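Asker: The listed protein sequences derive, respectively, from chains Y and P. According to numbering that gives the first Met the number 0, the first sequence is numbered sequentially starting from 0. According to numbering that gives the first Met the number 0, the second sequence is numbered sequentially starting from 0.
For the record, the hints were derived by calculation from the structure and aren't laboratory data. Every value quoted in this text rests on a predicted model; they were computed, and no experiment measured them. One thing to keep in mind: the hints can contain errors.
Chain copies aren't distinguished; within one or between two, either way the pair holds.
Straight-line Cα separation of at most 27 Å, BS3-like style, residue types lysine-lysine; simulated pairs [stated by the list, open to error]:
(1) 272 - 144
(2) 329 - 209
(3) 113 - 286
(4) 290 - 272
(5) 327 - 209
(6) 113 - 290
(7) 329 - 286
(8) 286 - 327
(9) 144 - 209
(10) 272 - 209
(11) 144 - 286
(12) 327 - 272
(13) 272 - 286
(14) 272 - 113
(15) 329 - 290
(16) 286 - 209
Protein chains: 2
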Amino acid sequence: MSTPAHNTRVLLASRPHGEPTHDNFRLETAPMPEPAEGEVLLRTIYLSLDPYMRGRMNDAKSYAAPAELNAVMEGGTVAEVVESRDDSLRPGDIVLSHLGWQSHGVQAARLVRKLDPQRAPISTAVGVLGMPGFTAYAGLLEIGKPQPGETVVVAAAAGPVGSAVGQIARLRGARAVGIAGGPDKVAWLQELGFDEALDHRSPTFRDDLKAAAPDGIDVYFENVGGQVWDAVLPRLNTYARVPVCGLVAHYNETEAPDGPDRSVRLMTSILSKSLTIRGFIQNEFTKAHYKDFQNEVSTWIDDGELRYREDIVDGLENAPEAFFGMLKGKNFGKLLVRVGDDTTR
Amino acid sequence: MSTPAHNTRVLLASRPHGEPTHDNFRLETAPMPEPAEGEVLLRTIYLSLDPYMRGRMNDAKSYAAPAELNAVMEGGTVAEVVESRDDSLRPGDIVLSHLGWQSHGVQAARLVRKLDPQRAPISTAVGVLGMPGFTAYAGLLEIGKPQPGETVVVAAAAGPVGSAVGQIARLRGARAVGIAGGPDKVAWLQELGFDEALDHRSPTFRDDLKAAAPDGIDVYFENVGGQVWDAVLPRLNTYARVPVCGLVAHYNETEAPDGPDRSVRLMTSILSKSLTIRGFIQNEFTKAHYKDFQNEVSTWIDDGELRYREDIVDGLENAPEAFFGMLKGKNFGKLLVRVGDDTTR
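Assemble the whole structure, with the sequences as input and the hints as a guide.
Answerer: Written as structure tokens, this is what we have:
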């Protein structure tokens, strides 16, 4: 494959106030970077779009440093080696990398991980076998600690994290209740074997949740916040665990919602029910659990016990629009941008 | 000591709406109960007054079943055996018991624990060597998990739980910052060796807290809620732990405070700082840790490394007034009602 003369990239042009818009991004071409000794020039195949990116667009301290203005938007990528100045990699090798929103980039060879296209579709390295999958695995097992027979509820259940959470919960002997938006997603959750699948847009959602968890909720894997969390809180059992992985319903909010102030009710529930509410990002658990995750999840995938779904958008220029949609729950499965051809498929 | 003809007791006459009043209690005399086989008749010496009792006065499900109307108010007691119909106990023995707000009562001998007045003042069995002390010990060590050099902040620090929390934190190598109401309590915390002692009534409280915890807060032992929690939350470090033991600032509230709704800010902080917020009551930890607690804390007391303070009110008829004051932070140390003579002192 011939290399174009230029690199195409998306920069953070300005910080959003509330919902991000096209004005916050700038697509431009730049000279093709050149690798130094120990580095590789990479061609992006898949760019992963993830909700955490919204937090980085703000100036405020989030769980990661804010993205810099006029710099390339960050992001995990699957890429092909175009040129290598390191003995460990050759042109044509496929690697997990962190190029961000651009068609090409240079990285130190020691910072990328070579993938085996025979082992699993390469896109899964930023999906079920990568960060989102590990987020589900570590958050559910290390914080949620589901026990056989317990009820695990997960929001954004048709997303890459939520769908893995529900299936892993079932593989550990728990009941899985998935919450998603719209009948298509609900149908897919049923197909995946969730014990119950609920549509949070239904007018009877609160009653549906009560019926789906008649013995209360032991683990709630929080991706969303908002009205789903409002409905879950009163149904949590004593000693329930709540891994807080995301709050996508609130990422575009610019100020605290109107009252009453329900923070006291929340703290009172935590006290009266001996709840554990625990925020996390997956990298806290990498050292202790990543290998187990890769072994266990790839076995489950091979055995057909854990399934996943990808939502692939073509073209880097379409990344902002896809990103906006993701924040509104429009994606269905792991959202990827195919920036360049996947010659392994 | 001659036994009176009647038992004096305080009943829950009605449920409070907001702040409890004298109308919620009724003092009455009743016939002296008689022990059956395996039971003992006890004379109350000390009645422990604790914030959790406020929760039980409500009808709503709290972490314990609500107290029943027209029944004796529950509570931990230190009592003397007057008459025994069990081989394990003799008249004159001092026992930890759960007679509630009354001068006498009958309990199964197997449900009381004999105390050794030579080992420690008997009042400590409902204080530093009893439920409040164990609450501090288990909540701090099992949930707070303070590491050497970390900063532990505790609210209601001059109370029986808070004063133990701060001292145990120091014994484990952490820095202890105590928060209390008023200069006398602050002075006592300094005397106990707290690294910093702050008055939450001070107009400069937020700045004082910032100065007292220049490296942020790693563990916040929550007894209070309200404006203390508001000041602490923004200063919590990544991976901070918050054992939630009580929320006394809110116990008399009848509805959610006015907005804005800060529950989203709270959840966002939990997410962005990977916080652990964990409600508990001490009995969750009894089986695994009570023996260690008794051994370790009694050694610390003997060695003068852990000190405590008692606030003793005379007369069962004064229990309601003392209880009202406790909910406003008027007690200074472990609040006890001396219901009958302590002949061991």
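Asker: Please flag the earlier hints that this structure goes against, numbers listed from lowest up.
Answerer: 7, 8, 14, 15, 16
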